[in-house]
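*Asks:* Given next are the chains, with one letter for each unit.
Number of protein chains: 2
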Amino acid sequence: MEKPKIAVDAMGGDNAPFEIVKGAIEAVNEFGSSIVLVGIEKTINEELDKYTFDKSKVEIVNASEVISTDEVPTAAIRKKKDSSMVVGLNLVKNGKADAFVSAGSTGALLTGATVIIGRIKGIERPALGTCLPTVNGFTFLLDSGANVDCKPNYIVQFAKMASVYVENVMCVKNPKVAIANIGAEKEKGNALVKEAYEILEETENINFVGNIEARDIPFGSADIVVCDGFVGNVILKLSEGLSLALLGIIKEEITAGLYKVAAAALMKPFKNIKKRFDSEEVGGAPFLGLKSLVVKAHGSSKAKGIKNAIKQCEIFVENDIVLKIEEKL
Amino acid sequence: MEKPKIAVDAMGGDNAPFEIVKGAIEAVNEFGSSIVLVGIEKTINEELDKYTFDKSKVEIVNASEVISTDEVPTAAIRKKKDSSMVVGLNLVKNGKADAFVSAGSTGALLTGATVIIGRIKGIERPALGTCLPTVNGFTFLLDSGANVDCKPNYIVQFAKMASVYVENVMCVKNPKVAIANIGAEKEKGNALVKEAYEILEETENINFVGNIEARDIPFGSADIVVCDGFVGNVILKLSEGLSLALLGIIKEEITAGLYKVAAAALMKPFKNIKKRFDSEEVGGAPFLGLKSLVVKAHGSSKAKGIKNAIKQCEIFVENDIVLKIEEKL
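Going down the list, the protein sequences come from chains A and B. Note that our numbering has the first sequence beginning at 6, numbered continuously upward. Note that our numbering has the second sequence beginning at 6, numbered continuously upward.
Be careful, since some hints might not be right.
Identical copies go unnamed one by one, so any copy, or any two together, can satisfy a pair.
Stated by the list, open to error - Using 27 Å as the maximum straight-line C-alpha spacing, the simulated DSS-like pairs for lysine-lysine come out as follows:
no., residue 1, residue 2
1, K273, K256
2, K280, K256
3, K193, K86
4, K191, K84
5, K256, K276
6, K193, K156
7, K199, K156
8, K101, K60
9, K193, K84
10, K178, K280
11, K199, K333
12, K191, K156
13, K193, K181
No lab work stands behind these hints: they were computed from the structure.
Bound-form chain A, shown alone:
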């Protein structure tokens, strides 16, 4: 089977273009991926000169501008028609690529993707999914920040889209969907969550398991956690911040005083822990509900993150996820 063609924003992210191009070439060499690198052609060619790879697998599409993370998303998308992001999204829109990966501005990418690629018919709000690390693997969080004000039905659609994604891309059979809430009992929650719960309970083609309290999320009792994008972003960012803070405190306590020998012995277990919590292992955040897949790679992505985001796009396209979402609605 021919590989889907993945457009990659060569200019987006803190480590662009070096790590982005490196990740794309690793995908070509490891998976035989078919890549379109979008950005300033001269710069991309300089990067490509560093590697050996099958040249038939890599195209370049020139884009003279770059959208930075401090620009207002809507204005940036409207004005910078020749930016790597807008050009890349248009490649997907026009069928010249099957999916798009960018480590650039999240806001601009969400706006641009919605405007240029467009929503699946029937989807009210596309949403950004993230894989949260848990003690026994990952939980897929949707929405993790695209929609800060939600209606109950949006949450129900998040549950359906996430079910398709997790079953087909992450290979979890009949994934358990829970709604983030402040108690386990049905009658708990704010108005939004209570209404969404009622509809989710009646929805037949998902495996809804009820409420999940935030304290239980890190223990991985649900495969999918749905919530509005404000709460989801708080969950995502607090998880990141608290993990960093705790590891910092532990390091501080261990290296204080007499524990230096112990600290040296702990290099390996700490490395293992970091690996278990490494977001680069799982690629990027898929923006679900569009006519084609757009993946937001972390702003600080290195080659491995980009490579895995490309793989993620391939699985998505090869499994006809858009069609499966349409069927689920």
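Please arrange chain B on chain A, whose structure you already have, making use of the hints.
*Replies:* Chain B only, in chain A's frame:
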């Protein structure tokens, strides 16, 4: 100065009555506190027999019933008129005690306190405050779960009440107030947060410092974080759950294989970390905005937590916090 009289729910919490009565007696012996123990008189007397203390400092008020955590709050408060919780709250209402501490059902306590003691004139919604541990101390989170659906003005009142509390009870001069949000920029957030931000910015008698992203909360850059009770509860519970999960993972990695010697050497630093994250050190969660203070001690409180919650009540009463909140409105 005569000590304020603190009513204590002797029957509420997982470790009642043993740890509750023990904590009350520790407060009497350490601080010279004046206590009213509320609950089944015979049971309380059996507990008191275990200790030596100044008997003039401890009263018992009999209450024959106990509200359990699995009862529906409103029904429990309405029906169980002779429960330790309802009797204790009535002591405060009738001026026979100055504040009330309970480790019993949170829902019943919030409902009962609002109905029986009543709100400060002008306060729209009383709110539950929690001290979240951070890398450099604590952040006071308000609301951490009492009001799941909020209007912008509630959040503004939370900011005012928290400012008074943190300045006077926790002794932080001119405490920095931030609103929990999904970005640092002013224009970020959902409708509620954006509107609240506008008003907070114009409020002169608080030290509003703008938005705080959830990832920055554990680093303690704000003394106070305000938010609606749904988001606050997610922040509180996720912090608890993630800390537990991470410490569990670290233990697992360290004790696996060859690290047992290192693990033994780490007993002390791990104990220090636990202490830094010990909620019992700071007493309980104050329910702010009522005509008198009600403190919700953690359900699993031991004597130390109860003792510190009593101390917290004394500081609150001695500093006329209710009056200061009225003046701040």
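*Asks:* Evaluate each hint against the coordinates.
*Replies:* Results for each hint:
1. Proximity of K273 to K256 under the C-alpha cut-off of 27 Å is found in both arrangements, the shortest distances being 14 Å within a copy and 13 Å between copies.
2. For the identical chains of this complex, K280 and K256 are neighbours both inside a copy (17 Å) and across copies (15 Å), given an alpha-carbon limit of 27 Å.
3. For the homomeric pair K193 and K86, the shortest alpha-carbon distance between copies (25 Å) is at most 27 Å, but the shortest distance inside one copy (47 Å) is not.
4. In the homo-oligomer, the alpha carbons of K191 and K84 lie at most 27 Å apart only across protomers (23 Å), although the nearest pairing inside one protomer, at 47 Å, exceeds that limit.
5. Within a single copy, K256 and K276 get their C-alpha atoms as close as 13 Å, and across copies as close as 14 Å, so both meet the 27 Å cut-off.
6. In the homo-oligomer, the alpha carbons of K193 and K156 lie at most 27 Å apart both inside one protomer (17 Å) and across protomers (19 Å), since each shortest distance falls under that limit.
7. Both within a single protomer and between protomers do K199 and K156 lie at most 27 Å apart by alpha-carbon distance, with minima of 11 Å and 18 Å respectively.
8. Proximity of K101 to K60 under the C-alpha cut-off of 27 Å is restricted to the intra-copy arrangement: shortest distance 18 Å within a copy versus 85 Å between copies.
9. Only between protomers do K193 and K84 lie at most 27 Å apart by alpha-carbon distance; the minimum there is 21 Å, versus 45 Å within a single protomer.
10. In this homomeric assembly, K178 and K280 come within 27 Å of each other (Cα to Cα) only inside a single copy, at 25 Å, whereas the closest approach across copies is 42 Å.
11. Taking the shortest Cα distances, K199 and K333 sit within 27 Å of each other inside one copy (22 Å), while across copies they are farther apart (35 Å).
12. Both within a single protomer and between protomers do K191 and K156 lie at most 27 Å apart by alpha-carbon distance, with minima of 18 Å and 24 Å respectively.
13. In this homomeric assembly, K193 and K181 come within 27 Å of each other (Cα to Cα) only inside a single copy, at 20 Å, whereas the closest approach across copies is 32 Å.
The structure agrees with every numbered hint stated previously.
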